[in-house]
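**Student:** Sequence:
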Amino acid sequence: MKNSSLRYGAEVADALRDGRPVVALESTIISHGLPHPDNIRVAREIEDAVRATGAVPATIGMIGGELVVGLDDAQVSHLAGAEGVAKLSVRDLAVAAARRADGATTVAATSAVAAAAGIGVFATGGLGGVHREANITFDESADLTTLARTPIVVVCAGVKSILDVPATLERMETLGVTVVGYRTRRFPGFFITDSGYELDWAVDSPEQIAEMVAAQSALGATQGATVVANPLPADEQLDTALHDRTLADGLALLERDKVTGKAVTPFLLSYFHSATEGASLATNVRIILRNATLAGQIAVASAARS
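So for the sequence shown, our numbering puts the first residue at 1; every next one is plus one.
Everything labelled a hint here was simulated from the structure, so no lab data went into it.
For each residue, glycine too, the CB sits at the ideal point set by N, CA and C.
Hints may contain errors.
[What the hints assert, rightly or not] Across the chosen pairs, the derived CB separations fall in these ranges:
| # | residue 1 | residue 2 | range |
| --- | --- | --- | --- |
| 1 | 305 | 282 | 33 to 39 Å |
| 2 | 73 | 257 | 34 to 40 Å |
| 3 | 82 | 263 | 15 to 21 Å |
| 4 | 37 | 94 | 27 to 33 Å |
| 5 | 91 | 248 | 27 to 33 Å |
| 6 | 201 | 240 | 23 to 29 Å |
| 7 | 198 | 248 | 22 to 28 Å |
| 8 | 94 | 137 | 22 to 28 Å |
| 9 | 137 | 82 | 26 to 32 Å |
| 10 | 94 | 248 | 34 to 40 Å |
Input sequences plus hints: build the corresponding full structure.
**Tutor:** In structure tokens, the structure reads:
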């Protein structure tokens, strides 16, 4: 355990002390990413998927200003249903702690806290990235710069298709974030299997990823993250025509209603949920469950090397 200022759930504390595999999980999917009461059910299913691999889940969030690594059921339920839960990126953590806030951690904040806690693998749905028209708005997720300086494996389904995918890939290259496809050389687009963009590297097993992480540590040349892009099988993706139509309509609504910044992602995900009559929610759940399983397998493989 690297950071004594964090509060650890008992199961996570025991696992870290004993050197057993642990997988970090974000909490924004609970408070901002999914509707109630689906958020509570899915949060438990995600943790169960990690446990099924032999790893221990560590859902991270803030309760009353205290960062908790390994939220218990009551804390998860609180973040799922409470009013005014803050969406916390890295820059928000100290302010929220001082204000004794309740908060849900984004990819950036979860990655940073997990690394500070000594957790090397993190499962999420999709990364943040460069927003469309960022050449005008300069709107870019803090996920990218945080991952550039955080040594953690992030298992995801690429970046959300609501973003500028090629610009996001370019930024990750510039920032030195390693991106590999899991059994694919095509970068996934969250709801859809193939975003249309090629990757330089692919890996075929959790053991290969564990070996890659060990090599990164031995070389000592970079402290950046490794993004493992894990696409949905084509027969599990959101219907591509429905996806493209919903995305175009959602982007038009963003412009009409002048939604910007941190509000963009929850706005569009909510619109996808309503416009697709729940199909996007089902896809989102498949994504995170598959990523939780792969992350658990990677954590187990990495622990076996220790």
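**Student:** Any hints this thing doesn't respect? Which numbers, in order?
**Tutor:** none
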